[in-house]
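Mind docking chain B on chain A? Use the hints.
Listed below, chain by chain, are the residues.
Number of protein chains: 2
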Amino acid sequence: MLTINTERLLRLLDNLAEIGATEEGGVSRPALSEADMQARAWFKEQAVFYGLDYREDSAGNQSVILPSEDANAKTLLVGSHLDTVPNGGRYDGALGVLAAFEALLTIKEARRKLPYHLECISFTDEEGTLVGLLGSSALCGTLTAEDLAAPRGGRERLLEGLKRANLTEEGLLNARRDPATLAAFLELHIEQGTRLEEANIDIGVVTSIVGIRSYWIEYIGQAAHAGTTPMDKRADAFWGAAAFAQQARDMVMEQFYPGVVNIGAVELSPGAFNIVPERARLALEFRHGSEGELNAMWAELQSLARDIAQVYNLNVQITHSGSIPAAP
Amino acid sequence: MLTINTERLLRLLDNLAEIGATEEGGVSRPALSEADMQARAWFKEQAVFYGLDYREDSAGNQSVILPSEDANAKTLLVGSHLDTVPNGGRYDGALGVLAAFEALLTIKEARRKLPYHLECISFTDEEGTLVGLLGSSALCGTLTAEDLAAPRGGRERLLEGLKRANLTEEGLLNARRDPATLAAFLELHIEQGTRLEEANIDIGVVTSIVGIRSYWIEYIGQAAHAGTTPMDKRADAFWGAAAFAQQARDMVMEQFYPGVVNIGAVELSPGAFNIVPERARLALEFRHGSEGELNAMWAELQSLARDIAQVYNLNVQITHSGSIPAAP
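Going down the list, the protein sequences come from chains A and B. Our numbering runs 26 ahead of the 1-based position in the first sequence. Our numbering runs 26 ahead of the 1-based position in the second sequence.
With the rest of the complex left out, here is chain A:
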């Protein structure tokens, strides 16, 4: 049995964690940001330094390759992603890429013959600061022009990122790889909850993947002077937003366990101390392991959003911002 070089793997993880390191001890490498571009360059350097083949596809997915002697062999993909959420963790994504990289190095050093081409891959924008699963869905051929037209991170930010990485929308939409050439995909990932830790278990195997749905919920009322407009004459968009946040939370906890709901961002406008908010925009995301339960959650959340609009004399606009189906 081969054993990896633990020291080397930890050193690689440490070096990578310095790129985009934040004061709070986290890492900020949003997809195709300057920090992500640095991480990408660093990753390429490591491949070159250790004498491995390096390749990039037209979706910006980065691959380090240890080929089989059999040119017709299929490819076993192993990897994850180097981008992070803002102030994310140092292991999420990074561990999956660098553990795969270390595995390739170990096998290369042991000069083992391979029945498959081994390919350590880092996917573009897995985290969704731009689109979400951008590189992996491009590789699978499931990315559509629609996904790119109204990305969750905003269209402008997507175009800036693509420009920075010298990528094009056309390239993204043409990055599909023939599944017949692929043997499997494997990803090592840290535990993001505390269940294994609490049960004192070293490693778990994923048996299903939750579905994710994201929406912008925007309440629209009437801007007014916060001093002279009596409370009972206001159409304060934030009143609706606050009521929705509370009731959505209670409803999901009571009716949809272990499903979860999050409001991760809020924008009020005009946005001044002394103006009653005219608009309140909420970034809503909810998750469940079952598509049926996701549908039920969404039906309830929508009707909740509309009921609250009526109570507070507001309008509400709901905009879809991305879905990932549950994989049972």
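It cannot be assumed that every hint is accurate.
Because identical chains cannot be distinguished in the list, a pair is counted as satisfied if it fits within a single copy or across any two copies.
[Unchecked claim] Here are the simulated SDA-like pairs of lysine to any residue, each with C-alpha atoms no more than 25 Å apart in a straight line:
1. Lys259 x Asp276
2. Lys259 x His215
3. Lys100 x Asn226
4. Lys259 x Gln272
5. Lys259 x Gly219
6. Lys259 x Glu217
7. Lys259 x Gln273
8. Lys139 x Trp242
9. Lys100 x Thr132
10. Lys189 x Glu50
11. Lys259 x Gln64
12. Lys259 x Arg221
Just so you know, the hints here were simulated from the structure itself, not pulled from any lab data.
Just chain B now, with coordinates in the frame of chain A:
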């Protein structure tokens, strides 16, 4: 009795409203912004065009003057402000300045002798996008270095604005005028509520001015992955913020009528769809005509903010952001 030139006044109001006009039909001229600088230049031009004396003090307050023949006469100040809140109304402030300006022109044209110097004044940053009542409190000598150290609009924005207008903090703190030289201050203002309108009354006289208190309320929890952190293990700062918004509203409506409360801005961080908010910062403002009631409101609001922090397992930080005492 003199009669003003209504056409001229309306034309002046129309011309001014074009500076900073927004698509929504409002006006955005935050204090010392580019648009405000344009309005200031326009106002100076009008004074020069109509042959009136123009003067600026070290707080950037703009004055147009019609002097008395008696050099020792006191000065009657009449005016308001040209700055607006974001997407504010076209008459708020502007009416007070331009009605005074039109009154000066009418008196000048009628060659009346004046027992007082007449001074039409426009105060710097009345609205508080920087500090609030900045120019008028400088003129009164009540502005302090503390007010400038932590202004409600942020220190950076204040410094940018001062630079743009070629003003200094020292100048602001030394703009006091001797009250012995002043006869009175008079301001014409549009009605900002609907009471006169509903009662079909043309004009009202202000008999008291509400006090205003502003605070930043910041809830601090724990950032976490919005998919893998169970709902009952979250310390979501927005849960606290939403509960505070709702309960503060109900409490003020039930216990402190006709006092009002407003949450005009909300900032969540890190601020992404898929991260449980670690911090939620609320711009809170409340008003009442009685200082005693303001004190009682603040005691209740603070204890509410703290109780909610406990319920949702959050910390709360409260930062004072400005007060204007009630004038009974």
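Problem set entry | Those earlier numbered hints the structure runs against, lowest number first | Going through the list in order, the structure violates hints 3, 8, 10, 11 and respects the others.
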